[in-house]
Amino acid sequence: MSISLTTLIYGIGLAGVAVNAAAGVLEAGRKPFDLFGMVVVALAAALGGGSLRDMLLDRTVFWVADQSYLLAAMLAGLATFALVRVVRLPPRLFLLPDAVGLALFTVSGTQAALALDAPWLVASLMGVITGVFGGIVRDVLCNEVPLVFTGELYATASWLGALLLVALHAAGVSAGWSALAAAALVLTIRLLAIRFRWRLPVFTARL
Amino acid sequence: MSISLTTLIYGIGLAGVAVNAAAGVLEAGRKPFDLFGMVVVALAAALGGGSLRDMLLDRTVFWVADQSYLLAAMLAGLATFALVRVVRLPPRLFLLPDAVGLALFTVSGTQAALALDAPWLVASLMGVITGVFGGIVRDVLCNEVPLVFTGELYATASWLGALLLVALHAAGVSAGWSALAAAALVLTIRLLAIRFRWRLPVFTARL
Amino acid sequence: MSISLTTLIYGIGLAGVAVNAAAGVLEAGRKPFDLFGMVVVALAAALGGGSLRDMLLDRTVFWVADQSYLLAAMLAGLATFALVRVVRLPPRLFLLPDAVGLALFTVSGTQAALALDAPWLVASLMGVITGVFGGIVRDVLCNEVPLVFTGELYATASWLGALLLVALHAAGVSAGWSALAAAALVLTIRLLAIRFRWRLPVFTARL
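Respectively, the protein sequence lines represent chains A, B and C.
Taking my numbering, the leading residue of the first sequence gets 104, the next gets one more, and so forth.
Taking my numbering, the leading residue of the second sequence gets 104, the next gets one more, and so forth.
Taking my numbering, the leading residue of the third sequence gets 104, the next gets one more, and so forth.
Hint data in this document are derived by calculation from the structure and do not stem from the laboratory.
Even for Gly, the Cβ is constructed at its ideal location relative to N, Cα and C.
It is possible that part of the hints are untrue.
Unchecked claim - Residues on chain A that point at chain C, a partial pick, calculated with CB under 10 Å:
1) C245
2) L271
3) G279
To be verified - What follows is a set of in silico ranges between Cβ atoms, one per label pair, in the way DEER data are often shown:
4) B:S277 / C:R191: 20 to 30 Å
5) A:L250 / B:R188: 49 to 59 Å
6) C:Y113 / A:A274: 55 to 65 Å
7) C:L219 / A:L199: 20 to 30 Å
8) B:S171 / A:D161: 12 to 22 Å
9) C:L199 / B:G279: 29 to 39 Å
10) A:S277 / B:E247: 23 to 33 Å
11) A:T109 / C:L199: 33 to 43 Å
12) A:A273 / C:Y113: 15 to 25 Å
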């Protein structure tokens with residue numbers, strides 16, 4: 104990858120963190136949280152997935168190594184906090200950047216695990232964890248059943264993209280093209296799922 | 104220990120993971136989760152305790168080092184998902200393998216900590232964490248008060264077994280016999296507690 | 104710092120752990136938890152913040168390295184359990200030692216991060232995590248919205264103290280004096296906030 108592509112990916116990664124922080128603020132806004140509670144939920148939503156991935160893989164946690172991510176999450180959270188007090192944001196405004204964030208987190212999580220020679224199932228799961236764990240923590244902190252367990256295809260899109268990336272990696276395809284293909288797959292499935300309300304079957308045990 | 108005993112313990116360890124995953128699916132079945140949500144709860148229930156133990160002890164996380172555990176948890180979760188859609192499983196069916204899993208997780212967690220020369224109280228707590236933390240995460244994800252805090256002796260059985268293992272280790276008893284004795288103690292207490300409804304006193308503060 | 108000051112700080116650190124464990128027991132007392140559930144909540148409240156800090160910074164977890172903290176948390180939890188069964192404790196009794204604990208945890212968390220050359224924002228956040236994460240875990244285990252998100256200035260006091268410590272560290276002030284000033288700031292803000300009911304604005308999104 105050329106320098107400019109690396110820079111682009113870094114920038115989009117920061118944008119993914121910022122978008123997830125903003126989504127965290129909107130979620131926290133349904134509860135009587137104070138400013139700090141809102142910031143915590145934003146940080147947990149934006150950084151939770153990558154933090155768990157890095158602790159599980161015993162890597163240096165990404166935002167400890169580079170606090171730009173922390174700054175991006177905080178500024179995005181505070182900006183959203185300020186914005187929603189003056190204008191009414193359409194909730195669907197965040198769906199596109201959120202889907203982009205999911206695609207990028209999935210790719211970065213899977214690649215981080217592959218770089219450490221993790222086996223294929225572990226590597227794909229690390230992509231999913233990076234993509235969706237932040238949202239799960241956000242909902243647990245807000246004392247709600249995690250949305251990611253019940254809505255349109257979200258984690259499934261992440262997992263299919265992660266598995267594609269692992270397969271392309273095994274087939275010897277370059278990191279850049281693998282990442283591009285996997286991110287495109289995640290994005291496509293997620294956007295189609297939103298458009299056509301694709302859901303997984305809901306599970307209810309006969310107990 | 105002979106090779107065959109090691110193989111037996113490994114196999115029972117995989118079975119413990121599978122049983123906990125199945126129990127996670129049954130718990131998640133009371134909520135309107137989709138297939139992915141169910142898989143996440145199953146993985147958290149089966150792998151959560153050992154993951155926290157390994158992160159606290161700074162060991163390589165067991166299912167990252169050997170993805171057989173991850174596969175066992177997923178397959179058991181999916182099989183349970185398929186099964187409960189066609190037959191009505193008696194809830195008590197899982198109590199025996201679950202008790203076996205508790206005994207094995209307790210022993211493996213305590214031994215892992217002792218192998219790193221952890222002090223006695225830490226080592227015994229690692230056994231308890233390995234045995235019960237998965238169930239706590241499962242219930243938090245399902246937005247319920249953890250069952251392990253309120254039911255028949257569960258964590259207490261785990262703790263007594265872990266303390267016995269630490270004591271036998273300090274007395275110089277071999278790893279194999281210590282493990283056997285501790286596992287038998289956990290299993291006995293747990294099964295007697297289920298049979299005779301032994302519970303710890305419930306605590307209510309006078310506030 | 105002289106030996107006696109180090110000993111004093113160590114002792115106050117143990118006291119902070121004990122106070123947080125006692126607060127965890129009081130919180131768990133509102134739920135029908137058994138003795139074990141109560142102990143788990145006490146341990147999570149007392150050790151959760153420092154554990155997360157150490158896992159994020161890839162340090163040896165403090166209570167694994169020195170089980171005195173674990174003992175202090177357990178004994179304090181059990182003593183509180185026994186005490187509240189016979190006497191009615193005024194809830195405000197714990198506010199002063201809890202504020203002292205917040206100040207000490209904030210300072211120790213920030214210093215641990217600075218010792219590893221963490222960047223300023225990360226270091227200050229580690230102080231806050233050490234100070235408040237235990238209380239968040241305690242409330243999540245009790246299936247409640249974290250109190251720290253809604254009450255009088257708590258995390259804000261921690262953060263301002265952590266930022267002062269980082270600034271004094273950057274200015275070359277000695278570790279002892281920096282710690283003293285930061286702890287005093289946290290304590291002062293927290294006690295004034297309790298006395299005068301200072302709160303952050305509560306956030307409610309216009310969705």
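The hint says 20 to 30 Å between L219 of chain C and L199 of chain A; measuring C-beta to C-beta, is that right?
violated (38 Å)
Per the hint of 12 to 22 Å, is the separation of the Cβ atoms of S171 of chain B and D161 of chain A within bounds?
20 Å Cβ-Cβ, so the 12 to 22 Å window holds.
Is the hint on G279 of chain A kept, meaning its closest Cβ partner in chain C is under 10 Å away?
It is violated, given that the least Cβ distance between G279 of chain A and chain C is near 29 Å, above 10 Å.
Cβ distance range 20 to 30 Å for S277 of chain B and R191 of chain C, holds or violated:
Roughly 52 Å apart at Cβ, these two residues miss the hinted range, so it is violated.
Holds or violated: C245 of chain A as interface residue toward chain C, Cβ cutoff 10 Å?
At about 7 Å, which falls below the 10 Å cut-off, the nearest Cβ of chain C leaves the hint on C245 of chain A intact, so it holds.
Taking the beta carbons of L199 of chain C and G279 of chain B, is their distance inside 29 to 39 Å?
Violated - the Cβ-Cβ distance for L199 of chain C and G279 of chain B, about 52 Å, lies outside 29 to 39 Å.
Range first: 23 to 33 Å. Now tell me if the beta carbons of S277 of chain A and E247 of chain B are that far apart.
violated (47 Å)
Starting from the hint 55 to 65 Å, judge whether the C-beta atoms of Y113 of chain C and A274 of chain A obey it.
holds (56 Å)
Falls inside 15 to 25 Å, the C-beta gap from A273 of chain A to Y113 of chain C?
This hint is violated: roughly 52 Å between Cβ atoms.
Is 49 to 59 Å respected by the C-beta to C-beta distance linking L250 of chain A and R188 of chain B?
violated (24 Å)
Kindly confirm whether 33 to 43 Å is satisfied by the beta carbon distance between T109 of chain A and L199 of chain C.
Given about 53 Å between the Cβ atoms, the range is violated.
Can you verify the interface hint for L271 of chain A: is its Cβ closer than 10 Å to any Cβ in chain C?
Status violated, d = 31 Å.
Consistency with the previously given hints fails for numbers 2, 3, 4, 5, 7, 9, 10, 11 and 12, ordered from lowest to highest.
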